[in-house]
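Using the sequences and the accompanying hints, generate a full structural model.
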Amino acid sequence: MIFALIIAVGSILAGAIASIAGFGIGSVLTPLFAVRVGTQLAVATVSIPHLFATALRFWRLRAHVNRRVLVSFGITSAVGGLAGALLHTYSSNRSLAIVFGVLLLFVGVSELTGLARRMRFGGPVAWIAGAISGVFGGLVGNQGGIRSAALLGFDLDRQAFVATATAIGLVVDGARMPVYFATQMAAIARVWPLVLIATVGTLAGTILGVRTLRRIPETVFRRVVAILLLLLGTYMLLRG
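Residue numbers for the sequence shown, in numbering that gives the first Met the number 0: 0 to 239.
Incorrect hints may appear among the rest.
Stated by the list, open to error - Cβ pair distances, simulated, as ranges:
1) A62 - A186: 34 to 42 Å
2) A3 - A186: 15 to 23 Å
3) Q158 - R35: 19 to 27 Å
4) L195 - L114: 36 to 44 Å
5) A7 - A186: 19 to 27 Å
No lab work stands behind these hints: they were computed from the structure. Virtual Cβ for every residue (Gly too), placed ideally from N, Cα, C.
Listed below in structure tokens is the structure:
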């Protein structure tokens, strides 16, 4: 009961963060689920609330999607996502926890130092970064930071940037989730109550997040998110 409450609160927070920052559902929920089910299954189960919340965010922003970038960048990301999901099925809980922890620490440090806002990839490097972000998305469900840095090289306005990044996240989900279901469906089904709670929570957080978090200064919000990621990353490394 207590763990279910933690998942509910965490999922609302994750959905709210993602509605502003464009990432956060996997970063927040995967460590929480990993406490109960291990990192490998946590990545697969969290992909379900991630899909629904991302789809809702996409629906609200769909008019601003840059289709040219979505098609070209989305292809490399989808290929990477499929490759990452296949690697995920052969990885151990310990190795996934370490990779996930390192990624969280990288994103957190990048945000606190300002590197995240200065980091951008252009030309062929952007496509490579897109593929790499897809691989990490399929492997550990965490791709937002690298994908955002890659998309900065495409000269998109703010609305088009967020909308296109959200659409690409959906593409990666579509590539990776069939692999998870084919290999871990029975295990996912055993924890369906937690998955349902997380799905409802992320949807609620997505809807309510913008209104609530708009009142918080952006600098304060970004620092809080960065510190949260650092704490979660440290926990995952220690767990690994």
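Hint check:
1. Checked against the given bound of 34 to 42 Å, the beta carbons of A62 and A186, roughly 38 Å apart, stay inside it.
2. Distance hint check for A3 and A186: the Cβ-Cβ separation is about 18 Å, which falls inside the suggested range of 15 to 23 Å.
3. In this structure the hint that Q158 and R35 lie 19 to 27 Å apart at CB is violated, the actual value being about 38 Å.
4. Take L195 and L114: their Cβ atoms lie about 37 Å apart, and the range 36 to 44 Å holds.
5. The hinted range of 19 to 27 Å is satisfied by A7 and A186, whose Cβ atoms lie roughly 21 Å apart.
Of the hints listed earlier, the one the structure fails to meet is number 3.
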